[in-house]
Each structure stands twice: as structure tokens, then as C-alpha cells.
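Given two chains presented individually in distinct reference frames, assemble the corresponding complex, making use of the accompanying hints.
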Amino acid sequence: MSGPRTWPAARRPVVVGLGMTDLGKVYGRTAADFAADAVRRAAGDAGLRLADVDGLLTSSGVTGGVSVDLQRDLGLTDLRLLSHMQSYGSTAAAMVQAASLAVMSGTASVVACVFADSPLQPERSAGAVYGTRRAPAGWWGLLGASGVIGANPMYALAARRHMEHYGTTTEQFGHIAVAQRGWAALNPAAQLREPITLADHHSSRWIADPFRLLDCCLVSNGGIAVIVTTAERAASLAQPPVRVLGWAQSHPGHYLRHHPDFGLVTGAATAGPAALEMAEVTLTDVDVVQLYDCYTFTVLVTLEDYGFCPKGEGGPFAASGVLGPGGKLMLNTGGGQLSGYYMWGMTPLSEAVIQCRGQGGERQAAAHDVVLVSGNGGVLDHHATLVLGSEAGAS
Amino acid sequence: MTVGPVTRDAATAEFFDATAAGKFLLRRCAAGHFSEPPAAQCTTCASTELRWEAARGGATLVSWAVAWSRPAAGGEPQPTVLAIAELDEGPWWWSQLVDADPANLAAGRRLRIEFRRADKEHEAVPVFGLA
Chain A
1 MSGPRTWPAA RRPVVVGLGM TDLGKVYGRT AADFAADAVR RAAGDAGLRL
51 ADVDGLLTSS GVTGGVSVDL QRDLGLTDLR LLSHMQSYGS TAAAMVQAAS
101 LAVMSGTASV VACVFADSPL QPERSAGAVY GTRRAPAGWW GLLGASGVIG
151 ANPMYALAAR RHMEHYGTTT EQFGHIAVAQ RGWAALNPAA QLREPITLAD
201 HHSSRWIADP FRLLDCCLVS NGGIAVIVTT AERAASLAQP PVRVLGWAQS
251 HPGHYLRHHP DFGLVTGAAT AGPAALEMAE VTLTDVDVVQ LYDCYTFTVL
301 VTLEDYGFCP KGEGGPFAAS GVLGPGGKLM LNTGGGQLSG YYMWGMTPLS
351 EAVIQCRGQG GERQAAAHDV VLVSGNGGVL DHHATLVLGS EAGAS
Chain B
1001 MTVGPVTRDA ATAEFFDATA AGKFLLRRCA AGHFSEPPAA QCTTCASTEL
1051 RWEAARGGAT LVSWAVAWSR PAAGGEPQPT VLAIAELDEG PWWWSQLVDA
1101 DPANLAAGRR LRIEFRRADK EHEAVPVFGL A
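As they're listed, the protein sequences go chains A and B.
Our numbering puts the first sequence at residues 1 to 395.
Our numbering puts the second sequence at residues 1001 to 1131.
Here chain B stands alone, though its shape is the one from the complex (with noise of 0.2 Å):
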């Protein structure tokens, strides 16, 4: 179970920037709302004025799933836990699930958002983790 190779562009630049240094950022509009990125208007009162804001980290599972695909190199599926999660500051992200039994998962699982590369030339991706 891995992550897979992203690199950067000029709209993903602040955000990676932020993954090496093991932060997840969110958009955050003057009212105090949060949203999703890469929204450009706030989710909630659709306000353009946007700055980023790092989460705290905390977060609560929403749903998940288990992929099951061939390695590239070939030879048999492998699962992925995949998971929707709740960021304590609102918005949902849909990413891996690290290290967990799927047969031990239920909905309101308290999680935390870890990071992983897929390698050294890549991005750090966020991922999730058991709290």
C-alpha cells in the first residue's frame, strides 16, 4: 500500500510546499469558514477572498473503501484502503488510509493526517492514519 508519484504546478505549488513540511492546508475565507482545496470560492458564503490556513490535523472517518488493482509491475491485486475523512475544521478529503484492518473500521473512527511519498523526485501526499 503506497502512495503514488504527483508533482507540482503553479496551483499546487503553496500546498506541496506545505506537505514537505508535514502541514495540510485548507482555504479559509475572512468569515472563518473553511473549504476544500483547490476551491477558489468559500464553500460556504462563496467569498473569493481566500488565504491558506494549515489544519490541525484531527480528523473523523467518514467512509471508506477497499480498492483492489494490479501493481504496474504485475502479479496479484493488492488492496488499498481508500477513506473519506472529516477534518475536525470542517472540510472532507478523500485520500488513503494507512495502516489499518478494514475489518476494524466503522464511521466516526477518529484519524490523523500523516504524509507519505511515493519517492524522493515526488510530492508528499497527505494521507490518513488511526488516531
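Isolated chain A, as found in the complex (with noise of 0.2 Å):
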């Protein structure tokens, strides 16, 4: 692979900019109007002209709105990439890839990735959000009237799999929970911060049994962006670059069809070590690790996969004391999606960039040089991951 740390110095990619809007119950403001207002917010943050900007990669969430309009909204001019991108929550990560090859060859300069949704409304619950798009014809019809309707139950059928096969418990995901949710208790952005314990997990109401509500995570309106540029462009602007030294897609194709591997080994297994092996670094030298967390469950397959623990293991891993404030592993150090914010794949993301410039305030890792940042989309279909250094990381 040629991965950035086979380029010139001056030409590898860096993370400069990252523009977080208000995230949560944020209401009243369009998809569009939160991915305008985050690209600007990441151009700011960089020390960045908006003009500065050359390349654009959009993204949408449940409710669409985010298209490449946005170049219009933002009044960019002279763009030399401007595209549309989905592959759900691997998206966010998929962009920086992409971005990162577009100012690798000089397509352009700087470019900024964005999401952005807008999915609640006052007085309309969270689950009606993303449980009701039941179609009454054809073969969706078909799903939707059997019974299986929307992420929560496929991804308890998902869980239950790797419950049956490995005797991965309830409790076990319950522990991923509480860890996150005391991360996200010193996360000033996160929208649940008040401490949970074991027996509030278990206390929690059936989403899809095995999932309780404490095992899912939030919904949020809001957008975030960040900006990909050159290392040489890197070194004049305002924050500590964050550079990208590898990443790896995979698309494991087995969406409502026979495969072996469904609910007990993700896409992960091979995105993994395919990026660690472009970053040059193995899982040792990895400090900080923000995983994909739609469900708690994602957690603990993904940790399996990226090779945390052993295939099967990840249930008495998660139990073992590791995870959490005070533990010996820094994951999803913001919350995550389950108690911070709901971005899709820019949860992650955002968080692994505050974690690498060490602005992560009073929940920040000792040590951040590397960091391992995943995206999940579908059921478990699509992955992408990401290898991030510090300046220091990449020497």
C-alpha cells in the first residue's frame, strides 16, 4: 500500500480544522443550515479563510437536506472537487480517505468533509425518528409488515448471534454503557451526563430485547465538519496538526442474505489491520480508540475485530475494568454516541481530533500520538477506519 508515510513529507494529509455545531435537542435549524454553519465553524477553527476552501465532500443523515447545494450555501467559488458521499456511518471516515487523496495528488488543497442532520422535532420521540418508515408495497412492505422495522431490531438480531455463539451477556454490553456514559459526563458537548450505574443498564426499558434503552444510542440534530489540507499548508495554520496516516475500507456484502459471519465478525477484522498496516504502527502503539457505537454491542464486536481482545472475547473484556475513565484503554473518551452526541460517523471522528491536539480538557488521554477512530454503517455492512497521529505520533 502507498499510504501517506510513503509520500513526501510536505504533501501527507492533516486533519487542521474541526467545526462542531450545538448538537442535541437543537431545534428549528435545517440539515443544511447545521453543515453550513460547521464548515464555517471548521474554517475558523483552523485559521482558514472560508474562500480557502477548494474541495467539498457531503454528507447526509436520516433526514437528507445535505447535498452539494451546500457549495452554493457557503458561496464557494472555483471548487476542484466537489462530491456527494454515503456509505451510512462509514461516511465521515470515507471522506477524510477521500479527502486525503485529493490533497495527496493535488486535486485540491483543502477540502472540507461534513454531516449534517436534523432528525428531531419538539414533541416527536427519538424512535419515531428512525423506527416508522414503513412501506405498505413491494418487497420493503414485506419487512416492514413482518415485523422488522428500522436499526434497533436488526441489530438485536445481530447481538443475539454473538450472545448464542460466544455466551456474550447483557451485562457485558451493560459495562460499555456505564464506562461511556462517566466519559461523557466530563464531556461538556455530550448530552447525557449524569453517571449511570450497572442497575440503572439493567433497569432500563426493552428497545429489542437484547438491547435495552441504555444500550442505544442518542439522536441529535446538529452537523460537524472537518478539514483535510497538506502538511505543508498544515504547519502555518492555528491548531496542532492532526495527521492521517492510514486507513482501510470494508463492505462485508451480506445485507439480508445467508452469511456466516453476521453478528459475530464485522468488517472491522479486515479494515483494521489493513489501516494500522498503512500507518505503520500495530496495535501497541495505538493511545486512544473511538469506535463506531450505535449500539453498545458495536463496541464489542468491533474490539474483537480490531483485534482488543480475542473473537469472542469481548464480552468479559468489556467487563474486565478497562474501559471508562481510569481504565487502561481510552475508548470513546466523549461519551460517544451512546451518552455524547449522535453524528454518525463524525462522533468518532471529532472526538479522535480533540483527543490527538490534546484539547480534550478534563477527560483528555495522557497519551495521544495514535489514534484509532472506526465508522459503521447498515447492519454491520459497512466499516471504515482511520489511523490518526500527532505531530509526535508521526515522526
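Calculated directly from the structure, the hints in this document are not laboratory data.
Warning: the hint list may mix true and false statements.
As the list claims (entries may be wrong) - Derived CB-CB ranges, DEER-like:
{"hint": "1", "chain 1": "B", "residue 1": "1044", "chain 2": "A", "residue 2": "165", "range": "21 to 29 Å"}
{"hint": "2", "chain 1": "B", "residue 1": "1121", "chain 2": "A", "residue 2": "261", "range": "38 to 46 Å"}
{"hint": "3", "chain 1": "B", "residue 1": "1022", "chain 2": "A", "residue 2": "194", "range": "51 to 59 Å"}
{"hint": "4", "chain 1": "A", "residue 1": "7", "chain 2": "B", "residue 2": "1102", "range": "51 to 59 Å"}
{"hint": "5", "chain 1": "A", "residue 1": "366", "chain 2": "B", "residue 2": "1099", "range": "51 to 59 Å"}
{"hint": "6", "chain 1": "B", "residue 1": "1112", "chain 2": "A", "residue 2": "63", "range": "37 to 45 Å"}
{"hint": "7", "chain 1": "B", "residue 1": "1088", "chain 2": "A", "residue 2": "194", "range": "44 to 52 Å"}
{"hint": "8", "chain 1": "B", "residue 1": "1002", "chain 2": "A", "residue 2": "199", "range": "50 to 58 Å"}
{"hint": "9", "chain 1": "A", "residue 1": "63", "chain 2": "B", "residue 2": "1078", "range": "23 to 31 Å"}
{"hint": "10", "chain 1": "A", "residue 1": "25", "chain 2": "B", "residue 2": "1052", "range": "22 to 30 Å"}
{"hint": "11", "chain 1": "B", "residue 1": "1099", "chain 2": "A", "residue 2": "358", "range": "52 to 60 Å"}
{"hint": "12", "chain 1": "A", "residue 1": "121", "chain 2": "B", "residue 2": "1049", "range": "45 to 53 Å"}
The beta-carbon is built from N, C-alpha and C at its ideal position, and this holds for glycine as well.
Encoded structure:
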């Protein structure tokens, strides 16, 4: 692989800007408005003018509404790269990969990557947003009529398979929920900061057994953008550079088909090692881990697939005390999507940038030179991995 | 626990003709591989020469979940047991598991395909029952 390490130093890709709008129950704004706000904030954060942006990659959530029309909304002219991307929860990491390739090749020099969504409305439940897309006719109508509606039951079916195969328990899922809430308590941007216990997890209502409410991610309104440029350009900008050291994607292709790996092994098992190889680091070099956590189970299976524990031992590993503030694994240090904010792949990516820069405040990891980031989309159908590094980590 | 209403379209007409007659149709290629509907090409060999063939009706439980949702009319959340089953022909199918106590389930449990309708106006939906 010809990763960034093999490239001339000046042309290597660096994340230089991070823009986060208000996140959560922020009403009365469209996804397009959040997206424009996020890009403006990211440019400002980097010390760039908006007009310096010459590449734009956009990504929409469940409500749509973010598109290449964002160029017009931002008044950007003479872009050299413009595209809308969609691989669901793996899109954020995929956008950074595409942006990195663009700046390495000179296709563009300053590429903004943005995700925004505005699904929450006052007096409408979060579940209603994601749960009621019931089509009346045809194959999709049949799936809905069968009762298989939305992500909750689909992931629950994946999780149960893991439990049946490896003996994983709901209590082990609970350890992940509790640990991440502990981190969220230290994150001013998190939506849920009140500490919880295993008993709270156990007494939270069933959503789709084996998942209780506290196994499931939040739903949030807002937008997050990052800006990628070259190391040469980054040197004169405002923020500590976050180097993009490696990446990979894996799309197993098992959606609603017979597949022996469903619920047991995900695309992380191939994308993780490939990204680490490109970055020329190993798992033992990784200081901070930000994993896509639509459900507690997603974290557990991704930890296994990345190799933090043997396959099938994610449950005991999660329950072993390694997670949460004070644990030895710096995992989902912002509270993730379970307790922080739900911006699809931008949730782990944004916290990774914050940690890699050393700007995590109370929750900052002491060592933060190499950060591993995952994105996951569909029902474990799409995976993307990024390896980020601080200036020290890139040497 | 009940299935919802579904209507046919051009792509599902033949499938629902069969469910009305108590048959679950799979896609089969000339080489004999079975694929999940609505595959347009064989999931094993990519052949696009597919025809319908009725499954024998036996299946094995792969995984299950219990979805809790509020009835459209309001009231307390109600459970629905959902399942992935491997048909004896190989394909997997996602649907309800009816008349089953989730406390007594285990992967590998033998199932059979059954059919339920939301009402007379709508199509018969394949579901699973304990064999």
C-alpha cells in the first residue's frame, strides 16, 4: 500500500479544522443550515478563510437535506473537488480518506468534509424518527409487515447471534454503557452527563431484547465538519496538526442474505489491520480508540475485530474494568453516540481530533499520539477505519 | 403479535400469489443454487437466469430478538419476537416468530414457515413457527 508515510512529507494529509455546531435537541434549523455552520466553524478553527476551501465532500443523515448545493449556501467558488458521499455510518471516515487522497495528489488543497442531520422535532420521540419508515408495498413493505423495522431489531438480531455463539451477556453490554456515560460526564458537549450504574442499565426499558434503552445511541440534531489539507499548508495554521496516517474500508456485503459472519465478525476485522499496516503502527502503539457505537454491542464486536481481545471474548473484556475513566483503554472518551452526541461517523472522528490535539480538557488522555477511529454503517454492512497521529506520533 | 399490512407491486406479484397459496418462493439458478428474494442474480454464481421455486418449508433458527413497540392505537408497548431463520435450501429470511416464548429459544431450533395476514385486504406474510 502507498499510504501517506510513503509520500513526500510536505504532501501528507492533515486534519487542521474541526467545526461542531450546537448538538442535540437544537430545534428549528435545517440540516443544510447545520452543515454550512459546521464548515464555517471548521474553517475558523483552522485559521483558514472560507474562500481557502477548494474541495467539499458532503454527507446526509436520515433526513437528507445536505447535498452539493452546500457550495452555493457557503458561497464557495471555483471548487476543484465536490461530491456527496454515502456509506452510512462509515461515511465520515470515508470522506477523510477521499480528502486525504485529494490533497496528496494535488486534486484539491483544502477539503472540507461535513455531516449534518436534523431528525429531532419537538414532541416527537427519537424512536419515531428512525423506527417508522414502514413502506406499504413490495419487498420493503414485506419486511416492515413482518415486523423487521428500523435499526434496533436488526442490530438486536446481530447481537443475539453473538450471545448465542460466544456466551456474551447483556450485563457485559451494560459495562460499555456505564463506561461511556462516565466519559460523557467529563464532556461539556455531551447530551447525557448524569452517571449511570449497571443497575440503571439493567432496569432501563427494553427496546429490542437483548437491547435496553441504555444500549442504544442517542438521536441528535446538528452538524460536524473537518478540514483536511497538506502538512505543508498545515504548518502555518492555527491548530496542532492531526496527521492522517492510514485508512481502509471493508464492506462485507451480507445485508439480508445468508452470511456466516453476521453478528460475529464485521468489516473491522479486515479494515482495522489494513489501516494499521498503512500507518506503519501496531495495536500496541494505539493510545486512544474512538469506535462507532450505535449500540453497546457494536463497540464490543469492533474491539474483537480490531484485535484488542480474542474473537468471542469482547464481553469478558468489556467487563474486566479496562473501560471508562481510570481504565487502561482510552475508548470513546467523549461518551460516544450512546451518551455524547449522535453525528454518525463524525462522533468518533470529532473526539479523535480533539484527543489527538490534546484538547480534551478533563477527559484528555495522557498519551494521544496514535488514535484509532472506526465508522460503521448499515447493519454492520460498511466499515471504515482511520489511524490518526499527532506530530509526535507521525515521527 | 401480528403482521402488518402489505400490498403487492409488479416485482412481488408472483411471490404474493404463492404466499396466498401457502408457498414461500425462492430464486433458483440453473446450477441449482438458491437465493433470497428479491435477488436479481444468483448470490452464489451471479447467474441472472433465475426462476421461482417453492421452499419445502423447513428452517433453522439463526437468531432472534424481541422488539417492543407501542401499538398505533396507543397503550403499553407490546413484544414481537423477530427471527432470522436459515431455510433448509440455504437462504436466510427475516420475519416474525409466532407463538413462541423467547425464554425457551436457542440457535438451531427447528422452525417451519407459516403465513399470516393483517386483514383480508392485504397479502399473506411469511412468518416462522416452532416445528
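Hints, verified against the model:
1. 1044/B with 165/A: 21 to 29 Å: holds, 24 Å
2. 1121/B with 261/A: 38 to 46 Å: holds, 40 Å
3. 1022/B with 194/A: 51 to 59 Å: Taking Cβ atoms as reference, residue 1022/B and residue 194/A lie about 53 Å apart, which means the hint holds.
4. 7/A with 1102/B: 51 to 59 Å: holds, 54 Å
5. 366/A with 1099/B: 51 to 59 Å: Given a distance of about 56 Å, which is inside 51 to 59 Å, the answer is holds.
6. 1112/B with 63/A: 37 to 45 Å: holds, 41 Å
7. 1088/B with 194/A: 44 to 52 Å: Distance hint for residue 1088/B, residue 194/A holds at roughly 50 Å.
8. 1002/B with 199/A: 50 to 58 Å: violated, 34 Å
9. 63/A with 1078/B: 23 to 31 Å: holds, 28 Å
10. 25/A with 1052/B: 22 to 30 Å: With a Cβ separation near 49 Å, residue 25/A and residue 1052/B fall outside 22 to 30 Å, so the hint is violated.
11. 1099/B with 358/A: 52 to 60 Å: Check passed, 58 Å falls within 52 to 60 Å.
12. 121/A with 1049/B: 45 to 53 Å: holds, 48 Å
Hints 8, 10 from the earlier list are contradicted by this structure; the remaining hints agree with it.
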